[in-house]
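> One letter stands for each residue in the lines below.
Number of protein chains: 2
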Amino acid sequence: MSARRDGACENLLHGHLDMASPSHAGSQHKLQRKLTVSNMDDKIVAAKYAVRGTVVQRAAELKRALADGEALPFDELILCNIGNPHAVKQQPITFYRQVAAAMYMPELASDPQKLVASGLFPADVVERAQEYLKATGGSGVGSYTDSIGLQLVREQVAEFIQARDGFPADPGSITLTTGASEGVKRWIGALIAGERDGVMIPRPQYPLYSAALTMSGGIAVYYDLDEAKGWTTSWQELERAFQEAASAGTCVRALAMINPGNPVGAVLEEDGVALLVCFAASKGLVILADEVYQVNVYSPGKAFHSCKKVLRKLQAQQLMAPPEAGDASAVLDQAQLVSFHSTSKGLIGECGQRGGFMEMVGFSEATLAQFKKVAATSLSSNTIGQIFVGLMVKGPAPDSPSRYLFDCEQQTILDGLKRRALAASDALNKMPGISCQPIEGAMYAFPCIQLPAAMKEEGAGADEMWCISLMEATGIVCVPGSGFGQKPGTFHARLTILPPDDMFDSMLLKMAEFQKNLYEEWGPA
Amino acid sequence: MSARRDGACENLLHGHLDMASPSHAGSQHKLQRKLTVSNMDDKIVAAKYAVRGTVVQRAAELKRALADGEALPFDELILCNIGNPHAVKQQPITFYRQVAAAMYMPELASDPQKLVASGLFPADVVERAQEYLKATGGSGVGSYTDSIGLQLVREQVAEFIQARDGFPADPGSITLTTGASEGVKRWIGALIAGERDGVMIPRPQYPLYSAALTMSGGIAVYYDLDEAKGWTTSWQELERAFQEAASAGTCVRALAMINPGNPVGAVLEEDGVALLVCFAASKGLVILADEVYQVNVYSPGKAFHSCKKVLRKLQAQQLMAPPEAGDASAVLDQAQLVSFHSTSKGLIGECGQRGGFMEMVGFSEATLAQFKKVAATSLSSNTIGQIFVGLMVKGPAPDSPSRYLFDCEQQTILDGLKRRALAASDALNKMPGISCQPIEGAMYAFPCIQLPAAMKEEGAGADEMWCISLMEATGIVCVPGSGFGQKPGTFHARLTILPPDDMFDSMLLKMAEFQKNLYEEWGPA
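In order, the protein sequence lines correspond to chains A and B.
At position 277 of the first sequence (counting the first as 1) the number is 277 in the numbering used here, and the numbers step up by one without a gap.
At position 55 of the second sequence (counting the first as 1) the number is 55 in the numbering used here, and the numbers step up by one without a gap.
None of these hints come from the bench; they were simulated from the model.
Be aware that one or more of the hints could be misleading.
Because identical chains cannot be distinguished in the list, a pair is counted as satisfied if it fits within a single copy or across any two copies.
[What the hints assert, rightly or not] Derived DSS-like pairs (lysine-lysine); straight-line CA-CA distance at most 30 angstroms:
1) 487 - 394
2) 372 - 43
3) 302 - 89
4) 372 - 487
5) 134 - 63
6) 394 - 309
7) 134 - 510
8) 43 - 114
9) 114 - 394
10) 48 - 309
11) 487 - 418
12) 430 - 43
13) 373 - 487
14) 510 - 309
15) 114 - 516
16) 134 - 114
17) 418 - 43
18) 373 - 63
19) 372 - 510
20) 373 - 48
21) 373 - 43
22) 48 - 372
23) 373 - 456
24) 372 - 63
25) 516 - 373
Note that the structure is a prediction, hence the values are computed from the model and not measured.
Kindly produce the complete structure, drawing on both the sequences and the hints.
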């Protein structure tokens, strides 16, 4: 407990002795007991979450200014700050939406044929909705489900994983969650048993990890991704991070990995995943695998390799462990892995549904029961979000009425993402003072920016200043690299590749122009 | 940090020194580092959540046995264990569902008239859906919203509160949450700044409060509700609880109240609310007001009095503070209050949507900003759940096409709840060994049961044994009083009043029969 908090308590304990006396009812002592920033849990105050930080607040001011008709150098904001596809005009996939709508239609239970007859709902949509209605015991989307989620959806997820990996998955080890974030927070909360406990996380990382660690009172143990090597890491770097933390008295409990990478956009090769899996296993660390971008792979020749598949292949000796791992077979058999996925990303992009799941591998029934209890304190995740998970992992049947449109819509989204991934890294690498690794996957460019020396003198907030300058000149909203972590002395920004092609291309032109003017205004890097 | 955790860390720190040597790769040292129940955060292991506890697990076994065709003394389970109305055949309200379905229809943006022309959607439904679509900036239910929720919905909530209380409400002080539970957990997490911090909670209470306190590492400071006085409390009892906690070194930070009461079913008079508000204000405690059952009031002459209204009336001296509060005006001006509401209860009963809101009164902008940051780490609550909040607080317009059916459906639900509240307390009070306070509101009966002496010898689990015996004999699923807290030596059970009338009446008959046989089988109380 911090001294600050102790101090607050002392005041309170002295204060209450006067309570019976009405004349003291308004005394300073008691007013100090109320909740203020200075006496709330300092772990909460300490947490940072840049994706919705200062730049976003300034963006809200500019949005109001535009709405009020104020003259600005741009007509609209281009939101490249957050992976929120539908907010930047990515069209929802019709089949998913029709099933969801049917789930809410009173006629689904009373007169399903009326839905088909209306012409608004293809027959396979109504059939699929009826399956989910049955899966809720007939009570529909208005009921809590089992705390870990609907059995049918967990079975569909298990089938999806099995088809993806070629190894079996157990619906009993799958829990549906409110997006992936809820699962990550639950796991970090359980792993941080004391203030010396820590979790290895990549740098750069998605700030959910650092924020959850701070809020749980644990330690972020950073391992660096090497920008020059396509944002990969090495056994040596993992070992450095681990040993430095251990020497400082940190008890490392888990290793988090993000593949495809957020914010870095890299897609790991199979041996890159094996490296992380073997390192974690050799140190007895739980692997937290953020695989929410598993469908978002753009580079020719690249493929997504799930942590679970790589673990199973290593265990079956279908894949060799890296030489640094030595004879890792014994520890690989004991490996523990949690993989997170979400309806918010992929091609579905349904962030607003807050659907997600986690697969937990290598844990005892007793451990899983604790997570089930934690899930129960939130009753269950929202039912339609669970159904979106089922839809994401199982589209319309081949040859069903919905299939053709479904395939076209998916392909259009994927093609757009691929095109913009390529366009962004091409254009960024041509801008003065900017270099960008290939955007192999996920939804982001994370270019390195040579800031003008005068801007760098502003210190830690220099990349934030660059982002705000860019936004005030062009309307482009992005997130400073400091929000994700970056090598000291380097500066980055994260931009999504989600806006529609025409807006995106014009965004790249505006950014090039801004960057050219930057050095004229601020002087050289 | 507990000795157990320290022990685990020591092993790990010794263990890692061997890591470089492959021959030690499978050593016991490292296996101890992985996650087990014995080395996860002990606050999580310690948490209890009876509403989904042992009885519910046994119920799941019985359900499977029934499905497998096993001969049991009953044909179906009667689920009275959880406030999940649609799971026990309460019909969803058509207007809400039609707006939700329209939100998911691809035609809402492209061709809204097609929805009306289909005959499936009344015109006012489509208009309302269009309003919400516009409120999302046109991006619809697939987008994250602002972390604290859609502005339009927060405005609708503010209008609802203002109409309910006769005092203004500020949309800026309202945050939309995933059910009420998420809000309660966030607040308890922020209030518990150290292990000496505690929150006053009623006994009996809803176990979310005790579970959230345990998981946050804080102390539950119980104040007793007096069963003989209709489950009310007194200044004297509040003072006893507070002083005992303070003497034991607890820094009390907040006072939680549940009105209408869960599990007790009592509805507080205005002076009962004023007592709690003035007590909390006089001690400088944040008031956490769980008001999720505010529409569920059944007893003639009873009405819901919100904490906010009572606070404002006290501040305006339209209501007298209780004499024990002395001159409370100075502290009342400084009072801090959070009120929680949910789409899961009321007449809407849409648990599966996980919609909820909290109104925060008396906090600084800086404090609210911290809660906004915590909300941001979950991105936002699910968008359709937010829209259900808007629908709950603002039904169809008078004279709109949907209004008549809406009124009929609401009335039918309310009438059923009223009838069953009365039927339950009547029938329970006639059963041997059972007494029950009037069920004035909420969704529960919380009868006191004179257990047979032989059953009481089983100790703390005696009421659980009663619940399981009842379930195995009749199929009735309820929750033991020990899950909520009860006066030592007394035994209770919580039963919902939600099943449909015919099932509910037959449930009461079965329970009476069970109770008669109980003393024959086990001997006298």
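> For this structure, which hints from the list above don't hold up?
Violated hints: 1, 8, 10, 12, 14, 15, 17, 19, 25; rest satisfied.
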